[in-house]
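Chains S and C supply the protein sequences, listed in that same order. Under numbering that gives the first Met the number 0, the first residue of the first sequence carries the number 0, and numbering increases by one thereafter. Under numbering that gives the first Met the number 0, the first residue of the second sequence carries the number 0, and numbering increases by one thereafter.
Honestly, the hints are just simulated from the structure, not real lab data. Note that the structure is predicted; figures quoted are calculated from it, not measured. Here a beta-carbon is modelled for each residue, glycine too, at the ideal position from N, C-alpha and C. Be a bit skeptical, because a hint or two may be false.
Said to hold, decoys possible - Listing some non-contacts, in silico: residues in chain S with all C-beta distances to chain C over 12 Å:
1) LEU171
2) ILE185
3) TYR236
Claimed, not checked - Each computed EDC-like pair below joins lysine to aspartate or glutamate, with the alpha-carbon atoms no more than 20 Å apart:
4) C:LYS90 - S:ASP170
5) C:LYS118 - C:GLU75
6) S:LYS173 - C:ASP158
7) S:LYS173 - C:ASP255
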Amino acid sequence: MASTMTRIEAKPARRAAGSSASASKARIPIYQTLLIAGILIVWEVLVRTGVAPVYLYGQPSGILQKLVALTASGELFTHAGATAFEAILGFVVGTTLGSVTGLALWLSETVARVLRPIIVAINGVPKIALAPLVVVWFGVDIGAKVAIAASLTFIVALISVYQGTQEVDPDLVKLMRSLGARRLTIWRKVIVPGASPWILATMRLNIGFAMIGAVVGEYISAKVGLGYFIYNAGALYDLNSVFVGIFCLMVMALVLDFLLVKVEARFKW
Amino acid sequence: MVKIRKEVVLEARDVSMTFNQGTEREVNVFRGINFELHAGEILAIIGPSGCGKSTLFNIIAGLLAPTAGAVHVGGEVVDGARGHVGYMLQKDLLLPWRTVMENVTLGLEVRGTDPALAKERAAGLIRSYGLAGFEEAKPSSLSGGMRQRVAFMRTLALDPKVILLDEPFSALDFQTRLVLQGDVKRIIRDRNKSAILVTHDIGEAIAMADRVLVLSHRPSTVKSIYPIDLGVEGDDPIALRRSSKFNEHFDVIWSDLDIQVSATA
Chain S
0 MASTMTRIEA KPARRAAGSS ASASKARIPI YQTLLIAGIL IVWEVLVRTG VAPVYLYGQP
60 SGILQKLVAL TASGELFTHA GATAFEAILG FVVGTTLGSV TGLALWLSET VARVLRPIIV
120 AINGVPKIAL APLVVVWFGV DIGAKVAIAA SLTFIVALIS VYQGTQEVDP DLVKLMRSLG
180 ARRLTIWRKV IVPGASPWIL ATMRLNIGFA MIGAVVGEYI SAKVGLGYFI YNAGALYDLN
240 SVFVGIFCLM VMALVLDFLL VKVEARFKW
Chain C
0 MVKIRKEVVL EARDVSMTFN QGTEREVNVF RGINFELHAG EILAIIGPSG CGKSTLFNII
60 AGLLAPTAGA VHVGGEVVDG ARGHVGYMLQ KDLLLPWRTV MENVTLGLEV RGTDPALAKE
120 RAAGLIRSYG LAGFEEAKPS SLSGGMRQRV AFMRTLALDP KVILLDEPFS ALDFQTRLVL
180 QGDVKRIIRD RNKSAILVTH DIGEAIAMAD RVLVLSHRPS TVKSIYPIDL GVEGDDPIAL
240 RRSSKFNEHF DVIWSDLDIQ VSATA
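Isolated chain S, as found in the complex (with noise of 0.2 Å):
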């Protein structure tokens, strides 16, 4: 009773703190707006006065033209429909397994402290030294790429998702076994549940990852996808066409974002 009083109580107040605080959120996508649309146009009058070459620096107006050329061509659907695909399917398969095998190690501390130095090892290896590895072994096509990007998400899901389950409070554990519960109980009861956070923390870091991974994969050898088409045309001094292409990368990642954070509020407790 005394607490649903304080509640009541307190709602007013607390919207009228609210609604000054936001007036001035209201604002921010102007100042975003004004903030993209000034750089832009200082980079336009920079080309056009000829203080920047266009060939090192692009254009904002050829930007747009190349966009709208590649967009009614088809071509950028295309090469980002193959780095989208590449970097999903890497995402997928390696944040699935890594998380699996990122729960799994809690089961067993021995082997989680056998594998531990060889982990940390893996995850400092820069991941394009491997490439000469992944061309041999998958070819040039997409399943180099998907390669590359699993094993970038593999390895992120596994180091966090492993910490996930060590971040599980210990009395909860203690809790489960005075109520006789064995490990594999306790793992599946209390561990996979409580380092679900981190899976969905992770997911979104994989996504960037994925992305990586995809392009990097493109540049070392591609016919198709963005990181060749930014490539490719970077060794043209085609610099709309480049920023065509991060700006599409920049879309994408932003869209798989968002679909994740929809995935994420479906989680919470």
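With chain S fixed as given, assemble chain C onto it according to the hints.
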């Protein structure tokens, strides 16, 4: 109160505990602890901080093996965690992704009880002890007192012989603490359970327990055991505290605890 024959449900015999034995970090927590818990009794254990009260509980629950001696529950030596005791801690330890109902049935689930039966038993507890209507609520939407109530029901659902209460009220505000002390005492009495309560709070020990066991400084031994008689029937925490005998008990136990209040502490 008619107690003709005191049946012993739990017995500690010469229990000693030393951590890191044989190393330079050796800590002798307690030695030669002896006591009995009778059926239907609430025994409070108090002692200076660091006297190993929680360690003693871990031994009783079978989570730790003592260096020497043994704990017997229902005549059998405790040699591992078997769910023979119900454990309630300062933290409610409710699983946040489970509803109230699912939290109460947790222990039964672990034990492999038929889900329908488990649910029925949990529903009975929830209804009897004032949480009807909250069966499907998540712990995050409950107050601290309600959460601790759910934790207590989770303990009761297993119908343990002995209930271990490890400072279960210390995280609650004073009013909620008093109410919960009264409720828990009443429920333990109604269901004819035996319980051991570990607490720092002398008042809580006197108000809830039939006997208060005082531990000494480390390495702890049983210093004394005081039977509590307040001359007041019932479990109303305020009435119990108003009893003239309450303060007498308090003073005796306080001086026995030998807590040094000094500037250097």
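Each hint tested on the structure:
1. LEU171: Contrary to the label, LEU171 (chain S) does not stay out of reach of chain C, its closest Cβ about 6 Å off (not over 12 Å).
2. ILE185: Non-interface label fails for ILE185 (chain S): nearest chain C Cβ at 9 Å, not farther than 12 Å.
3. TYR236: holds, 55 Å
4. C:LYS90 - S:ASP170: holds, 8 Å
5. C:LYS118 - C:GLU75: Roughly 30 Å between the alpha carbons, so the hint for LYS118 (chain C) and GLU75 (chain C) is violated.
6. S:LYS173 - C:ASP158: holds, 19 Å
7. S:LYS173 - C:ASP255: Since the Cα atoms of LYS173 (chain S) and ASP255 (chain C) sit roughly 32 Å apart, the hinted pair is violated (cutoff 20 Å).
Of the numbered hints stated above, those contradicted by the structure are hints 1, 2, 5, 7, listed in ascending order.
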